[in-house]
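Visitor: The residues making up each chain are set out below.
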Amino acid sequence: MLKAVFYTRFHPTHGPSVIHQYPPDSIVPSNKNTKTSDLPSDLENTDNDGATAPSKDLPEPLVTFSSISASIIPAYELCDAPLSICSNGYRVLGLPVSLEDAKYERNRFTFNVAFVLDESTDAQPWHRIVAKTAAFFTALEVEDGVLQAEEESVGLKWAGQEGYPARGVGGKIFEVLEALVGQVNGCGEACVRVSDVHVLNLRLESERVAPPEVKGCEVPMLVRALPAEDLWTRDLTLLRILPYINGVRHVQRIAEDADVEMELVQRAVRELVLHGHVRLLDLFHFQAIYVATAELKNFTESDKLQEECRKYVINTSASSQDDLSTGDQGDSATSNRVPKLEDLRNLYSSLTTEQPLHDFVLAHTTQLTNIDIRRFITFGLVQNLLRRIHKYGTLKPTSAQFSSEGASLSPVKLSTSKPKSNEAAVREFDRAWKRAALSSGWATPPSEPRPPLLMSGRSFRSGAGGVEIGEEEEEVLRGLLDGRHCFDEVCVAMRMAEGKLLGWLKGRQGRERMGEVVVVCR
Amino acid sequence: MKRSNGLIAVLILTRSKPGPKLVFHYPAEPQLVGSNSCGEHNDCSDSELEYDEEPEREGSGRDSPREVTSLVNTVATQPERSFSHDANGHSDSDSVLGYHVDSLEKLLSPGRWSARKKFEICLDGITFVGHPVYASDNGSWSTQDHGTPAEFEAERVTTPTLGRLQTSTDCNEAAPTSKANVTIAAPETVGQAAHDFTHIPESLDSQRGLSLATSMTSTSTASGALAEQMTMFHVVFAHQPHRQSVTSDVYQHVAKKLAKALHYCQKQTNYVGVECRRLLAIKAKAKHTKMPADESLKQMLEGSGLAWALKEVFERVSAGEIAGIRLNGMELSVQIPQVEASTSDGKNILGPHTGLLLLEDKDVLLRQLSHSDASPLAYFIREHAATKSLQKQSTSLNMPFRDVQYLARHLIKWRKAQIIAPLHRRNMYTSNSEAPIDQIRKLMPVYGQRFASLPSLPQMLKVLSGKPIQYGLVIPSRDHRAPYMEILAFLIRHRFVMQLKTYGWLKADPSPYNSLVRSSKAKSKRPVSGVSLLSPHGDEDSMSVSSERTAIPISDVQADNMTFDKPSPDEFIIFDPSHPTEDESAMLEHIRESIPDPELRERFSQLLPYFDGEHAFEEIAAEEAMKRAKVEEWAALLDREGHLLTFRSV
Chain A
0 MLKAVFYTRF
10 HPTHGPSVIH
20 QYPPDSIVPS
30 NKNTKTSDLP
40 SDLENTDNDG
50 ATAPSKDLPE
60 PLVTFSSISA
70 SIIPAYELCD
80 APLSICSNGY
90 RVLGLPVSLE
100 DAKYERNRFT
110 FNVAFVLDES
120 TDAQPWHRIV
130 AKTAAFFTAL
140 EVEDGVLQAE
150 EESVGLKWAG
160 QEGYPARGVG
170 GKIFEVLEAL
180 VGQVNGCGEA
190 CVRVSDVHVL
200 NLRLESERVA
210 PPEVKGCEVP
220 MLVRALPAED
230 LWTRDLTLLR
240 ILPYINGVRH
250 VQRIAEDADV
260 EMELVQRAVR
270 ELVLHGHVRL
280 LDLFHFQAIY
290 VATAELKNFT
300 ESDKLQEECR
310 KYVINTSASS
320 QDDLSTGDQG
330 DSATSNRVPK
340 LEDLRNLYSS
350 LTTEQPLHDF
360 VLAHTTQLTN
370 IDIRRFITFG
380 LVQNLLRRIH
390 KYGTLKPTSA
400 QFSSEGASLS
410 PVKLSTSKPK
420 SNEAAVREFD
430 RAWKRAALSS
440 GWATPPSEPR
450 PPLLMSGRSF
460 RSGAGGVEIG
470 EEEEEVLRGL
480 LDGRHCFDEV
490 CVAMRMAEGK
500 LLGWLKGRQG
510 RERMGEVVVV
520 CR
Chain B
0 MKRSNGLIAV
10 LILTRSKPGP
20 KLVFHYPAEP
30 QLVGSNSCGE
40 HNDCSDSELE
50 YDEEPEREGS
60 GRDSPREVTS
70 LVNTVATQPE
80 RSFSHDANGH
90 SDSDSVLGYH
100 VDSLEKLLSP
110 GRWSARKKFE
120 ICLDGITFVG
130 HPVYASDNGS
140 WSTQDHGTPA
150 EFEAERVTTP
160 TLGRLQTSTD
170 CNEAAPTSKA
180 NVTIAAPETV
190 GQAAHDFTHI
200 PESLDSQRGL
210 SLATSMTSTS
220 TASGALAEQM
230 TMFHVVFAHQ
240 PHRQSVTSDV
250 YQHVAKKLAK
260 ALHYCQKQTN
270 YVGVECRRLL
280 AIKAKAKHTK
290 MPADESLKQM
300 LEGSGLAWAL
310 KEVFERVSAG
320 EIAGIRLNGM
330 ELSVQIPQVE
340 ASTSDGKNIL
350 GPHTGLLLLE
360 DKDVLLRQLS
370 HSDASPLAYF
380 IREHAATKSL
390 QKQSTSLNMP
400 FRDVQYLARH
410 LIKWRKAQII
420 APLHRRNMYT
430 SNSEAPIDQI
440 RKLMPVYGQR
450 FASLPSLPQM
460 LKVLSGKPIQ
470 YGLVIPSRDH
480 RAPYMEILAF
490 LIRHRFVMQL
500 KTYGWLKADP
510 SPYNSLVRSS
520 KAKSKRPVSG
530 VSLLSPHGDE
540 DSMSVSSERT
550 AIPISDVQAD
560 NMTFDKPSPD
570 EFIIFDPSHP
580 TEDESAMLEH
590 IRESIPDPEL
600 RERFSQLLPY
610 FDGEHAFEEI
620 AAEEAMKRAK
630 VEEWAALLDR
640 EGHLLTFRSV
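Those protein sequence lines, which keep their order, are chains A and B. Sequence positions in the first sequence follow numbering that gives the first Met the number 0 and run 0 to 521. Sequence positions in the second sequence follow numbering that gives the first Met the number 0 and run 0 to 649.
Hint data in this document are derived by calculation from the structure and do not stem from the laboratory. Glycine is no exception: its CB is placed at the ideal position from the N, C-alpha and C atoms. There's no promise every hint is true.
Said to hold, decoys possible - Coverage of chain A stretches by chain B, computed from C-beta distances (three or more under 8 Å per stretch; other residues unrestricted):
hint, segment
1, 76-88
2, 282-293
3, 381-395
Whole structure, please, built from the sequences with the hints as guidance.
Guide: Following this line, the structure appears as structure tokens:
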């Protein structure tokens with residue numbers, strides 16, 4: 000809520016002066032007796048508050064201008080940059096502008112259009128409005144000299160003078176401020192026309208927080224329809240990937256299927272997330288573990304939500320779609336097939352860390368009849384009823400790393416660290432330069448090892464001997480097993496199923512090459 | 000865990016007759032946070048997400064609002080603000096944060112209207128917040144004006160009975176010490192007091208500062224004729240907040256507290272005046288001898304306890320830590336409280352049945368206490384057990400509950416403890432969704448050392464992240480209880496696990512209704528492939544499973560045409576059993592009568608308030624003074640009879 004707007008400038012003889020204000024009396028009260036003395040004359044002297052005491056019958060000014068005038072019209076050095084100050088429970092936002100030109104007295108014209116908000120109001124969305132208004136006023140003055148000219152118009156009243164505001168005497172600034180306050184407070188937008196070329200368009204828009212980067216294993220799902228194509232220009236990436244966003248494919252898969260570069264897909268999806276069109280889900284698979292959250296209370300207590308859930312999760316198979324006439328059967332037959340709300344409630348509450356999804360499905364076959372389990376989970380995730388338990392892998396420190404990394408933490412000297420065998424040393428060296436080569440050659444910054452896309456040929460084959468992991472992949476895997484990347488991410492980057500990967504890590508080969516892996520869920 | 004508060008500098012300004020003066024600021028070359036500048040945000044809110052460019056834009060963040068004005072061709076010419084040194088390593092001593100010192104001095108020394116109020120000004124994304132303090136109208140700082148000391152003292156003294164239990168991190172100890180120091184305002188005292196820095200007595204400047212200081216104090220403040228009489232001082236914190244609330248945090252917990260403490264010192268011994276004079280002298284000398292900036296900073300830090308204190312505050316608080324400083328021999332701690340530590344929100348109220356978890360080892364905490372043996376705090380810490388509720392601790396320590404509560408609050412405030420439900424082997428614990436898994440490697444040796452012969456950290460985590468079980472089932476024998484509870488405390492302290500609680504409602508008239516038709520149909524049918532919006536084509540490589548494979552389908556009914564029945568009449572949940580409707584009362588009565596256990600029948604109404612989906616069943620025993628085993632047994636009984644709908648969550 001905008002409390003007031005005022006236009007103030009440094010007057011060559013009066014010092015900082017409020018010329019216009021809206022609402023009238025908001026900053027400088029009209030004081031009939033001290034018509035001239037309420038114009039503070041000294042920029043330096045900021046201690047003179049109380050000098051402009053308002054008369055009793057008038058509303059209290061929002062802020063005492065003389066107190067803050069030094070900040071509203073600051074030193075030239077501070078001009079042309081946003082400046083706001085809090086006073087008397089209000090926040091005054093402004094962007095002082097100082098124009099230098101020989102045509103002005105003292106060669107300068109310094110002004111500020113200041114916005115007054117409650118101190119507790121979030122000022123963030125207003126900064127742009129203030130900046131744009133300042134730019135608009137600057138343009139008015141620089142191009143057409145409107146501000147300076149207005150003061151010469153006959154009959155103009157300054158804020159605080161008797162008879163303010165004087166309408167229809169040539170100046171338009173008061174009307175601009177009036178319209179601005181009215182429109183912005185009314186509908187969050189303003190369009191104020193001063194002349195054909197000078198139109199001020201403002202919109203109060205709160206800022207969206209940029210979502211984190213999208214991972215390759217995340218599954219975008221449209222939760223709100225995109226605006227029609229003729230209303231919203233879609234970029235090429237979005238056009239290309241849109242048919243592939245179906246709540247099932249993960250980002251990397253979309254990139255491959257749509258034949259678009261991964262980074263572009265990530266970027267496009269991130270933008271959809273920013274605008275609230277897409278929710279990111281985790282990869283759905285039957286090894287996943289889900290648990291209920293405290294939100295389940297609201298679900299259980301809300302019939303509406305349960306109905307919505309039922310409509311969403313009910314299985315719609317193709318065979319039922321081909322013939323509409325079979326749809327309106329007797330109620331007795333259909334009601335048997337509709338999942339009961341009771342079942343939905345029970346199903347959500349019986350998801351625990353105990354079982355991965357496939358066990359859960361097996362254990363609840365009866366109740367899950369006619370329920371699309373993927374949609375069931377998706378609904379739970381979107382409504383925050385469920386939380387996915389992710390697996391994380393972290394490599395157990397080898398004894399050598401133990402003593403180096405944990406030196407500060409554990410004074411225990413590990414006497415067991417044997418001198419490394421020659422072969423092991425060679426392998427260590429080999430790995431070191433590979434790691435270096437990987438981190439330099441790839442586009443990803445070395446500080447944050449991201450899974451490089453292993454587009455060129457798959458180096459593991461699931462042959463008779465199980466999984467084969469090449470040396471480059473091994474390095475990538477090593478980077479991913481740091482406790483910060485969940486197994487979905489690792490699996491997508493490695494293009495392996497979780498079971499196979501875990502099998503390999505726990506198998507002989509994996510143990511030899513990677514050491515022991517600690518797998519933890521959270 | 001720690002929030003960034005975007006603190007970039009601390010400044011102290013004074014005002015005297017000749018005008019305002021920036022006395023000291025730290026660090027010498029404040030670094031802007033960049034990404035927190037509001038200019039940057041302006042760009043981000045465009046529909047285009049330019050995250051590729053973020054790293055490069057750090058520096059340009061501040062300039063972007065300027066572009067707005069430069070777009071419309073401002074003719075203003077001004078020196079470009081720069082934050083770096085000149086090429087020759089000399090910093091531009093006339094500018095701080097890219098602004099001329101003169102401008103800042105004028106801007107940050109507001110008029111008397113701002114006295115002892117929050118002063119906040121935001122310059123192009125940098126917010127300055129402070130609490131200006133003025134001398135009284137006649138220019139005196141003396142304590143004749145009783146308003147403020149009383150105010151300050153009211154804040155200091157909390158509970159008289161606990162006067163002696165302060166830790167070194169508390170300011171409450173201040174009173175006796177500072178009074179002792181009032182008489183000797185020699186720099187040696189200051190040097191000793193702020194034990195962290197060394198004073199250089201042979202320095203000429205400090206000598207001069209001393210002489211001035213003593214004369215000031217000896218003549219008291221009656222000598223208002225002194226031209227350089229300080230009329231105001233103002234400690235300002237410059238920061239780039241990402242949220243507006245950060246500013247009020249910085250003000251409330253740091254700027255205001257510090258200003259009040261300094262005001263107190265100033266009234267007692269003209270502390271601020273003396274220190275500022277000393278700092279200005281060093282500054283003047285540095286300017287005269289063209290001393291390098293870092294050298295003069297070093298001298299200021301070494302020569303003035305105030306400068307050192309401000310540096311400490313800045314460094315600690317900007318790192319999200321607690322700053323412990325000494326002002327004029329008086330101890331003071333400031334911090335911006337962490338969100339989770341705040342005791343104001345409803346959930347974290349320290350009730351009699353809450354427990355406390357120490358976040359550091361007992362011996363570490365005890366070492367930090369100044370009077371470790373005598374104080375009640377030390378006693379409390381020594382005897383503390385995470386398995387006991389505050390009520391129980393109050394009984395076993397023979398200390399009034401209010402005192403225990405006070406001690407607990409004190410520990411929480413200074414981040415030495417957190418509120419938990421008392422640890423119990425009958426509780427269930429599960430992995431925390433914020434578990435620092437990447438820390439496991441580091442913590443494994445620490446853990447291994449403490450719990451040498453017990454299951455390893457990964458093993459414990461694995462057990463606790465599996466099937467939810469009572470913690471007691473993990474403990475192999477009665478003798479192992481204590482160490483296993485220690486392990487649990489360790490895991491909670493490091494945020495690996497948290498308690499899993501059970502919530503639920505009573506339900507009435509459950510029906511054994513179960514459609515055999517449905518299940519048999521489902522089993523006999525293979526899933527049918529189909530195309531819907533959400534179902535993609537199958538692919539062997541895909542790990543995500545599509546709809547056709549995730550649903551047990553209905554064969555012959557169009558879903559849209561199905562009639563959705565009202566909530567099944569055969570299950571009725573009583574959501575608010577404390578305020579039942581008429582029907583619900585009848586149902587509750589019916590449930591009660593059907594209970595076979597006579598004791599439960601008797602206690603049934605006592606349990607009712609907990610069956611509202613909001614109160615954890617685990618709380619019942621403590622709150623109602625029942626046996627845990629009994630409560631569990633009853634809940635199991637109700638569940639068996641089909642009267643209970645439960646779910647578990649953290």
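Visitor: Examine the segment 282-293 of chain A for residues whose CB is less than 8 Å from any CB of chain B, and state whether their number is three or more.
Guide: holds (count 8)
Visitor: Are there three or more residues in the segment 381-395 of chain A whose C-beta lies closer than 8 Å to some C-beta of chain B?
Guide: holds (count 6)
Visitor: Tell me if chain B covers the segment 76-88 of chain A under the three-residue, 8 Å CB rule, please?
Guide: holds (count 11)
Hint violations for this structure: none, all hints satisfied.
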